[in-house]
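Q: Each chain, letter by letter, is given below.
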Amino acid sequence: MLKILKYSFYDLIRSRWSYVYLAFYLLLGSVLLFLNNDLSKAVITLMNVIVVLTPLIGTIFGIMYYYSSREFTELLLAQPIKRRNIFLGQYLGVALSLSASLIIGLGIPFVAYGIFYSGAIWDYITLLITATFLTLIFTALAFNIAISTENRIKGFGYAILLWLFMAVIYDGIFLLGLVMFSEYPLENFSLIATLFNPIDLSRILILLKLDISALMGYTGAVFQKFFGTNQGLFISLGVLFVWAITPIWRIVAKSNKKDF
Amino acid sequence: MIEVKDLYKKFGKNEVLKGLNLTIEKEGIFTILGPNGSGKTTLIKSILGMVLPDSGEILINGESVKKQWNYRFNIDYMPQIANFPTNLSVDELFDMIIDLRGSEKRKDDLVKLFGLGEFLNKKLGNLSGGTKQKVNIVLSFMFDSPIIILDEPTTGLDPVSLIRLKDLIMSEKERGKTILITTHIMDFVEQISDQIVFILEGVIYFRGTVGELKTKTNKESIERAIASILTETYA
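Those protein sequences? They're chains A and B, same order as listed. Just so we're aligned, residue 1 is where the first sequence starts under the working numbering, counting upward by one. Just so we're aligned, residue 1001 is where the second sequence starts under the working numbering, counting upward by one.
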């Protein structure tokens, strides 16, 4: 598996798009630091961009990589290699090269600004961890869609729809639910509903870490009570972990039963 | 030795293989013929473990291939469409497959034979279809495995390379290998095959030499022989 991973990783690392992605984060990080002149504020602004953008990029790269390397995958399948290793290797190659672009791109400007000597270091690290998780999760979901969908156009469509659903529509429905049932106690419902969407979960995790939950009113207080504690933090990281592991497991299960 | 026993496979409602039996005990060149969609590629891919049969059994050297992967060390396969990662150079691709599979035996000879020397440092994305096919050929012959499976190997080759490929296949046979080829080029079939395996509607309709096929159908050329089988069955 490591060999496949190595080659997928190099293949992607050397493609133009990885550099564009890296350059984008470099620029975004530098500009935000320059404009805000404040680490915490830069982290908040970055969060707003990252929780939407990393899933989108993970989805698109995942689906494109799978489809564009399909014939090559067939070549690999005819080699004496376990199926599982081929698909896991490719998946990790994509996910890790995207994560590397993200971490390096955001790392350089923040380190240069002196993040290590600042109180915002943990917020910043939380941000990077959740962004990496989101990349892992959405690349895995995209691979799942690609494995199950032969037609590239359909697969691409489903993947974008999934992203749109998680990033936008889910929140809309969630909000609508809150408004319609505003007479009932909804704290637990909203807590649970948050856990079912990795993007929301990441956003709230970072917001609460930044200690601006007071802005969110009573619900914010409930969330703070849950996510703000160590237990809440571990549970939500655990849920993110489950969100990543489940689709990865399904990549293996699906690919073992598929005809090529 | 390849044994295929009672192989069934459907894709959705489309039944492709319907109880196919095939045993290849010895070395030689076996061309697999059949109309489009008759199940040639499905058979080959089942042997390679890329397509998972609904029922039936495939044995390579006496051992079932189901859920196995080690047996593929004995097989060299050349797929129909050669499509490689565009970012890699030819040499990097070779190194990668060698790295995955173990030592190659004769990459340099093959590279020279097909005149790929000047392309070794070029990116695969910039190569023409024919050149990619040559890369494909080198990849599938360089490990010197006892079984070679070629799916439409002649696609896109110029006449010179075609002759070299033919010679290469013949010399592999002399060295005691079992070679399975699918193709639609009848000249090629006539020149190289020891035996023809004709698949029709998911079973083996005919197996024998080119001469036997001609006698059976009472035709002069192999093209007409095959056409007569097809019109007979479809009429």
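Honestly, the hints are just simulated from the structure, not real lab data. Because the structure is a prediction, the values reported are computed rather than measured. Glycine included, every Cβ here is placed at the ideal spot set by N, Cα and C. There may be inaccurate statements among the hints.
[Claimed, not checked] Cut-off 20 Å, straight-line C-alpha distance, at most; resulting in silico cross-link-like pairs (DMTMM-like, lysine to aspartate or glutamate):
id, chain 1, residue 1, chain 2, residue 2
1, B, Lys1067, A, Asp171
2, B, Lys1067, A, Glu74
3, B, Lys1066, A, Glu74
[Claimed, not checked] Here are the in silico distance ranges between beta carbons for each label pair:
id, chain 1, residue 1, chain 2, residue 2, range
4, B, Trp1069, A, Ile173, 18 to 26 Å
5, B, Asn1061, A, Lys258, 33 to 41 Å
6, B, Leu1120, A, Lys6, 33 to 41 Å
7, B, Asn1061, A, Glu150, 46 to 54 Å
Q: Hint by hint, note whether the structure agrees.
A: Tested hints:
1. Lys1067(B) x Asp171(A): Answer violated: Lys1067(B) to Asp171(A) is near 44 Å, above 20 Å.
2. Lys1067(B) x Glu74(A): Holds: Lys1067(B) and Glu74(A) sit about 17 Å apart, inside 20 Å.
3. Lys1066(B) x Glu74(A): The given pair, whose Cα atoms are some 18 Å apart, holds under the 20 Å limit.
4. Trp1069(B) x Ile173(A): 18 to 26 Å: Cβ of Trp1069(B) to Cβ of Ile173(A): about 45 Å, so the range 18 to 26 Å is violated.
5. Asn1061(B) x Lys258(A): 33 to 41 Å: 26 Å, violated
6. Leu1120(B) x Lys6(A): 33 to 41 Å: 21 Å, violated
7. Asn1061(B) x Glu150(A): 46 to 54 Å: This hint is violated: roughly 33 Å between Cβ atoms.
In the structure shown, a violation is registered for the earlier hints numbered 1, 4, 5, 6, 7, in ascending order.
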